[in-house]
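*Asks:* Quick note on the working numbering: the sequence shown kicks off at 389 and runs consecutively.
For the record, the hints were derived by calculation from the structure and aren't laboratory data.
Note that CB positions come from ideal geometry on N, CA and C, so glycine has one too.
Hints may be right or wrong, so weigh each one.
Said to hold, decoys possible - Straight-line C-alpha distance at most 16 Å; calculated EDC-like pairs for lysine to aspartate or glutamate:
#1 K488 with D475
#2 K500 with D426
#3 K500 with E521
#4 K455 with D444
#5 K455 with D445
#6 K391 with E521
#7 K391 with E495
#8 K391 with D539
#9 K391 with E429
#10 K438 with E508
#11 K500 with D444
#12 K438 with D401
#13 K455 with D484
#14 K500 with D520
#15 K438 with D499
#16 K500 with E462
Said to hold, decoys possible - Pair ranges (Cβ atoms, derived):
#17 P528 with E495: 37 to 45 Å
#18 L400 with G498: 29 to 37 Å
#19 G408 with L551: 29 to 37 Å
#20 H470 with L551: 30 to 38 Å
#21 E429 with G454: 18 to 26 Å
#22 G532 with L486: 25 to 33 Å
#23 D484 with S552: 33 to 41 Å
#24 P478 with P557: 31 to 39 Å
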Amino acid sequence: MAKMLYSVSMSLDGFIAGPGGDMSWLTPYIGPNPVVTDVIERIGALLVGKRTFGGDDPHRGTEKEGKPFGGGWEGPQFVLTHHAPADPVPGVTFVDDLQKAVAAAKEAAGDKYVNILGAEVARQCLTAGLVDELLVFIAPLLLGDGVRLFDHAGGHKVRLERLSQSETPLATNLWFRVVR
């Protein structure tokens, strides 16, 4: 059975995107990371928020632009949105209900991870008790403003158990299990 994993890169001050969803801050921190390589091989499907799907790309202007993990991963993608595009996108299914999107992504992933991409869809999954694990790559940078890792006024506590911690020159990797 597939597990739900939210993997994300974050600045030390808690931002996953700059103002307006700008992802250019991340470009200098994309590089060799054995944890990233390992997790990409263990992903069976993506659950993506609409803003993330159509948003900025840290690979902008390169041949890797628009490809999940810069082209390091291929497979089924499920985009959570109430406004699907008129024209189909190969390999992408647009779903307007969180529970249906999660069920479809889990089925497609098999025994691998469903990797969640996007702050809002991750927040919704966490609030609904659907996230099994979190993998945060902390970049050595204070971004100062932008989209927070989790921004939920009146939110609730979520207990985590650290599974692993490691470092590369470009990031500190923290992997957690959600304690239920």
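*Asks:* Hints the structure violates: just list their numbers, smallest first.
*Replies:* 1, 8, 11, 12, 13 and 15
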